[in-house]
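Line by line, the protein sequences are chains A and B.
Under our numbering, the residues of the first sequence are numbered 1 to 364, in order.
Under our numbering, the residues of the second sequence are numbered 1 to 284, in order.
Everything labelled a hint here was simulated from the structure, so no lab data went into it.
The model shown is predicted, which means the values in this text are computed figures rather than measured ones.
Honestly, I wouldn't trust all of these hints.
[Stated by the list, open to error] Here are a few chain B residues that sit away from chain A, every Cβ distance over 10 Å (derived from the structure):
hint, residue
1, W27
2, V90
3, P116
4, T142
5, L161
6, R187
7, T198
8, H277
[Unchecked claim] Label pairs and their computed distance ranges (CB to CB):
hint, chain 1, residue 1, chain 2, residue 2, range
9, B, L265, A, S106, 52 to 58 Å
10, A, R182, B, S192, 30 to 36 Å
11, B, S192, A, E111, 22 to 28 Å
12, B, F115, A, N223, 31 to 37 Å
13, A, S135, B, L10, 30 to 36 Å
14, A, R182, B, T198, 36 to 42 Å
15, A, E276, B, P180, 47 to 53 Å
Even for Gly, the Cβ is constructed at its ideal location relative to N, Cα and C.
Take a look at the letters that make up each chain.
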Amino acid sequence: MARIELRNIVKTYGGFNAVQNLDMKIEDGELLVLLGPSGCGKSTTMNMIAGLTNPTSGQILFDGIDVTQHSPHERNIAMVFQSSLLYPHLSAHDNIYMSLKRSGLSKKEIEARIARAAETVDVTRLLDKLPSQLSGGERQRIATAKAIVREPAGFLLDEPLSALDAALRLSLRAELVNLQKRIHTTMIFVTHDQIEAMTMGDRIGVMRNGRLEQIGTPTDIYNRPETLFVAGFVGVPPMNFLTGSLERVDGKLWLVNPSFKVEITGEFSRSAPMKEVVLGIRPHLMRLSEAGTSALPLTVYAIEQLGNEAIVICDGPAGEKIRVIAPPGFTAPIGTQLHATFEGAAAHLFDPATERVIAVEENI
Amino acid sequence: MTARTKSIWLALAVAVALLWTFLPMYWTVKYAFMTKTEIARFPPMLYPHQPNLAAFFNVFGFDYTAYDGTVYKASGQAKQIILGLRNSLVVAVIVTAITTVVVVPLAYVFARLDFPLKGKLLAAILLSVSLPPVSTLIPFYTLYVQLGLTGTMTGLIIVTLTITIPIVAWMLIGFFRNLPPVELLARVDGFSRLYVLTRIIVPMARSGIMVAAVIAFLFSWNEYVYAQILVTGSRAVTLPAAMSGFLFQVPEPAQLAASLLLSLLPPFFIAFFLQKHIAEMNFA
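Looking at chain A on its own, in the form it has when it is part of the complex (with noise of 0.2 Å):
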């Protein structure tokens, strides 16, 4: 168990940065997820945690003592790899083993280990296995066993459900979370699927091109996203976005396009004016309504049932698609013309220039 600090962590390759300037601490015991598309720079950041990429530049700390050039063994990190990677001609055994052969350690303190690490996951009967007898949560949970049998310093884990079917990951993850919190250990989890860091997640962090976009916990993630790309990447369905101009009128603050106008409210009601704007409203927090000058006008484009409620699919006016939630078992055929408002306090502003959420101002 281990404090993870790292300072200003630049990695380029050739002329490609595939990490800049990272600066993020996680704390002992904590699970921190790492979210972004592929490509973002996350699997890159966990392994230069890990020791398996050096930094170009830059400095990781556990537990505020340098490691940027220690080995990953010598940094006693442990690792889940994509697909649950295991050494396909050993038992399971054996894999796990594999993990202590260099520790030192007695035969016998190794045997209790392991012993000991199965009976954590559940996996003593399978010991004897060889991975490809072994189905895909059976092989996960040996690779959870493999990494937990070290007593890392910390627990690093790339994907390791991504290859498994939906319901498998589901249960997996609540294991993984309960293992974690059990153990109590350091625990970083890299994955592109927004669920799966919400539901994972003490804290989560957003990359994307190789920068963190916002570090926090979910709920901050989700309430009160710093950009434009973490408001349209977290959340199901994703956020609505709608761009017009801030005017000001009779000391209200309004959002205006051609096509409707609402009075916005709430913290972002403090705002200055401003010519391009990009507003982003959560499905949920619009429902469907009469004709008015605040209501946007929408055409159906489809609908999804969940059964505790429907998605409606629309075209926007100015050609986006934009999601409203609606009762379970709306219907309405593809084409109708429908309404929808929100709270303009529920709304987020941001600056399409910068892609950030606008400034708001102390005092007006």
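With chain A's structure known, arrange chain B on it following the hints.
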């Protein structure tokens, strides 16, 4: 197409392939058990009516007396055949051993590591696979005359290695590339590169390496062009070169067929015992 007609076509295709492969072999093998007069008959006999082992005794240097009292004399080529059989085995085993020891690390490095000029070096290996042996025959011959390597097994082994190493390396590179990235696991577990190669990759790739060794053995065993030029008539003669001696004597088709059959046996047994591993290679 219904399943039924499909299976009929499949059976037909298999039959054609089997006939294509085995008919010429059968025709040769059957000669080995027939007498000269039987072979000369027209229309030809489809199978030996009175099979006998005369030719096998003859090629190993023994006279054979048939049931009717006819004596079949030992072949004049017998010494060469016995010597060739022994030399072919020695050469093939040494070539296989050296090829395997050289190629495993070579293929591993090309398949799993990055280094400058990798692409060009790989192209160089592939180029030597595509060179026909005839094109290097004369240079090798003049070189060997100067070095005094003609008529020696050492010389033949060196030449054969120039064929087996590139082609086996080429095969194994593909095989190693498809192994899972266990180097990552090994680095986290604290193992050195050498340990990874010798104790993890080699056991993992056992079937691939075994098949590669067999290919090396077969190339060496069947090698004829260089052997014909470099070792024919010397103490270092190999079986294919020794057998070709039959072509320059009074025709003895039964003895030629018998020695051909002998030369087929080692590859046949190797392929038979390794079929499990060959299937695991998944060449398809």
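Okay, the hints, checked on the actual structure:
Distance check for W27 of chain B against chain A: the nearest CB is about 44 Å away, which clears 10 Å, and the non-interface claim stands. V90 of chain B, annotated as away from the interface, keeps every beta carbon of chain A farther than 10 Å; the closest lies near 33 Å. Every beta carbon of chain A lies more than 10 Å from that of P116 of chain B, the smallest distance being close to 13 Å; the non-interface claim holds. With 10 Å as the threshold on Cβ separation, the claim that T142 of chain B sits away from chain A holds: the shortest Cβ distance comes to roughly 47 Å.
Listed as a non-interface residue, L161 of chain B keeps its Cβ farther than 10 Å from every Cβ of chain A; the least gap is roughly 29 Å. Chain A draws R187 of chain B into its interface by the beta-carbon criterion, the shortest separation being 5 Å against a cut-off of 10 Å. Non-interface status of T198 of chain B relative to chain A is upheld: no Cβ of that chain comes within 10 Å, the nearest being about 13 Å off. Look at H277 of chain B: its CB is around 14 Å from the nearest CB on chain A, clear of 10 Å, so calling it non-interface holds up.
In this structure the supplied range 52 to 58 Å holds for L265 of chain B paired with S106 of chain A, their Cβ-Cβ distance being about 53 Å. Between R182 of chain A and S192 of chain B the C-beta distance comes to about 34 Å, which sits within the given range of 30 to 36 Å. The beta-carbon spacing between S192 of chain B and E111 of chain A, approximately 25 Å, falls within the hinted interval of 22 to 28 Å. Checked against the given bound of 31 to 37 Å, the beta carbons of F115 of chain B and N223 of chain A, roughly 50 Å apart, lie outside it.
Between S135 of chain A and L10 of chain B the C-beta distance comes to about 34 Å, which sits within the given range of 30 to 36 Å. The supplied range of 36 to 42 Å is met by R182 of chain A and T198 of chain B, whose beta-carbon atoms lie about 38 Å from each other. Checked against the hint of 47 to 53 Å, the C-beta distance between E276 of chain A and P180 of chain B comes to roughly 50 Å, which is consistent with it.
The earlier numbered hints that this structure contradicts are 6 and 12.
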